[in-house]
Amino acid sequence: MARRYEQLKAVSLDEPKDESMRAPNRTTSLRLGLSFILVLLLASLTIIQVRPSTSDSKFGFGVTETLADGTGYDEDIKICASNIPSPARPPAPINPWASLTIDEMVEIQNWLSSAQMNLNLTRGDSAQPSDNSVYMIQAYYPPKADVLKYFLSLDPRDAPARFARVTIHHGGAVEPVIRDYLVGPLPVTPATEMTHLTDIYHTETLPYNARGYDALDWNLPEISTKIAAPLMDAYKASGLPNETIVAGGAGPFGFDGSFRRFWLNWQRDTPGFWLHPLNLWQYVDVSGTDPSKWNQLKIVYNHQVFDTAESFMEAFRNGTLKRVPPVTKQEEDLSWSTRERIGALRDLDNLPGPRSVSFAGLRFRIDHDLQYVSWMGWGLYLGFDRDMGLNLWDIRFRGERIIYELKPQEALAQYTGNDPYKSSTALLDSYFGMGQSVRDLLPGYDCPDEAIYLPATTFSATGMMTRKRAICIFEQDSGRPISRHLGFERSEFGAVKGYQLVIRSVATVGNYDYLLVPQRVIFFLHAGPSLKFEYIFHIDGTIEVRVSASGYLLSGFWDDEQGAYGSKIWNTTLGSLHDHVINFKVDLDVGGTQNSLLKTSLSQEVVTQPWFDDDWGEEVIQQKITREYIDNEDGALLRFPTNFQGGYTIVNTDETNKWGIPRGYAIHPGYSPVHNTVVGSKRLLKNANWARYNLAVSRRKDTEPSSSSMWNFNLPGAPPVDFHNFFDGENITQQDLVTWINVGMHHLPASEDVPNTRTNTAASSFFLTPFNYFDYDVSIESSNAILLQPPKKPGDPFSYDDYNVRPAHCVPRPPAAFEYYPEQVYDLDGKPAPASTVEEMRKASELYLRIKFEL
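Per the UniProt record's numbering, the sequence shown starts with residue 1, numbered consecutively.
Bear in mind the hints are in silico, worked out from the structure with no lab data behind them.
Check each hint, because a few of them may be wrong.
Listed next, the in silico DSS-like pairs over lysine-lysine satisfying Cα-Cα at most 30 Å (straight line) [said to hold, decoys possible]:
1. K568 to K682
2. K497 to K792
3. K701 to K144
4. K293 to K682
5. K78 to K497
Take the sequences, apply the hints, and build the full model.
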């Protein structure tokens, strides 16, 4: 001990030797021992507890703390730079697919309302069904040829003109109709014109009964008088702890435009009311523009059918109505459907989980004005529309355009059940507006702490809305290498890190509901499940497109006759069986716009070869590849092969790689590659033919921009867009092709769907990946990799080369305090609306205004 202390003192003090250097006595040893422990404690605290201060006084510019990094030396550690992305360098100074700004929408609205247009418009925030009003204004994307010409020349004179799509409800016409118009060029000048937009629907008008949903349709006493008031005594006698109930509407509302009707499904008004159905339904007719003619046609209660409210109330009063069992004490506790945490605290769950930090700064670039993003050789523009939300354009990798357009088209949800509501529900969500249903993302939950957010603005009949956090972008470490190999020959042992760029948006889709309070009726559109759209870019040139769902089930009333249509998830609640299918448009341009469709099949063969020995026999059974080109659209309505024995690739037969193989991009199924189960249902007769397949390939046409339209929902018998009409026998060899790809799930509900469906299992995806497009795996170009060489001497460590990309060291800034604000709402004049109350926030989240009536 004496010698150790002498060495310690000799290192720390520069003093001449004297008697004090002799072996210390017991008291001195104790004092020195305590001092040594204190030094070690302070050192440890310095190592493990270096934290940034919230004040600049401790960690200002140039102020550092010393931190031992475990590598045998100390290094000055500074606070990490703020996560502000570097500016991107777009290939063109404009975004041809940019959304309209609020100023542009207001300018168009004012121009349409001017006397010179003679449209006799009523403002959407006060319009009645019998009025003419503007329902929608959004950007109309330019023709592909115009965009490619501009990108090639970058001559401002070649820049595509800017146009808007405008939808007007002509309720005041002698024969009420819906029309879509093309307005432009923008901004509004004397040269601006309005023409009928018929090229995408192939029809000049649409039936008025198929019009867009507007809560103002319900702003009439006739609704409450005819639907709610006659049953008021029965509602009040429900015996529920909360006397309010809500009702959701099933769709579609019509078949060919000749009527507008739907079933209402009643539920308890409580948090998570989707899971609290009642055994009561009403069939409502709201056809035409005269609400005095609107009426209810049927009432169904507990499998009993009544043609009028009077007959139902008569059975209710005289005791002949077959009632469901009364609410029990246990059933009065409705908290099971909320999202409040329950159960025992899990071990160490009181600690925050790990979070990602880019210690060397963000590695992607953004142009916020143009909504352009670049990362690791990737570059792309973002667009956003009312119907389906986020879309991607001009996606390039290593300087070459891979995809011109990647855009969701439609989202189908078809239900089943032994009641009038579930058995008649087949939703197409573009009608409700997936983009309009997007709300701000939750920082740290929907996206990591260091994600960067971009805004989106959409138009509705009553105003405009901006979400500042509509889209998030971040880089993530997948936690696994994209490639690796263990080897012992020179330069065959190594790994490349699997970094990814993620672009994400979440939409909470709406279902029709209205809330009944004693002596007061409130009609509104209520929010339903949330769909998460994400596009994941990999460093090898692969793009993964993934959709996942979470939210409340659309449930039914449980009884013994419902077992074939779902699962019992509570005493009186059925989790209803249904399908989700979401369609994407992928315009791949592989080595240019002239492409072909290659089908690859794997099959079994029996071969005999002279080198086989007699001990195994002369025959070998093995698999082989068969390649064929599909040269006609009629043969390009496709399903993935059984056992996924093969696949489909978009190739350019005029462009080959170094090995003489046509360059291509393959379409790989990911999670849950499904198509719709039900075929032939009248409620999806022709309006969602795309859902019958896993994928389809057609010639690209500007007159076939989408597989669906918002109007298809209410016109299954006469849809303006019939997907099958795209496939009319045209040649698809070395043509500009579009691939239509489906994702989805067959949702077999279970008790674990309560309170909400989980995104890990309710997910589906597909991959677009290079297939002989390059001469080698280009992810090997990454410097975030390691190459190991075997030791020259047994027992020595492997030597390695990390390409001088060493882990960066800095103290992360503390995450911003969690904040969540409502979206910014603007009136039709473009002026910010006053700050929202809680009631108004609910209205905004449910897309439309809630309208109250006194009975």
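Hints and how they fare:
{"no.": "1", "hint": "K568 to K682", "verdict": "holds (28 Å)"}
{"no.": "2", "hint": "K497 to K792", "verdict": "holds (27 Å)"}
{"no.": "3", "hint": "K701 to K144", "verdict": "holds (9 Å)"}
{"no.": "4", "hint": "K293 to K682", "verdict": "holds (26 Å)"}
{"no.": "5", "hint": "K78 to K497", "verdict": "holds (25 Å)"}
In this structure, every one of the numbered hints holds.
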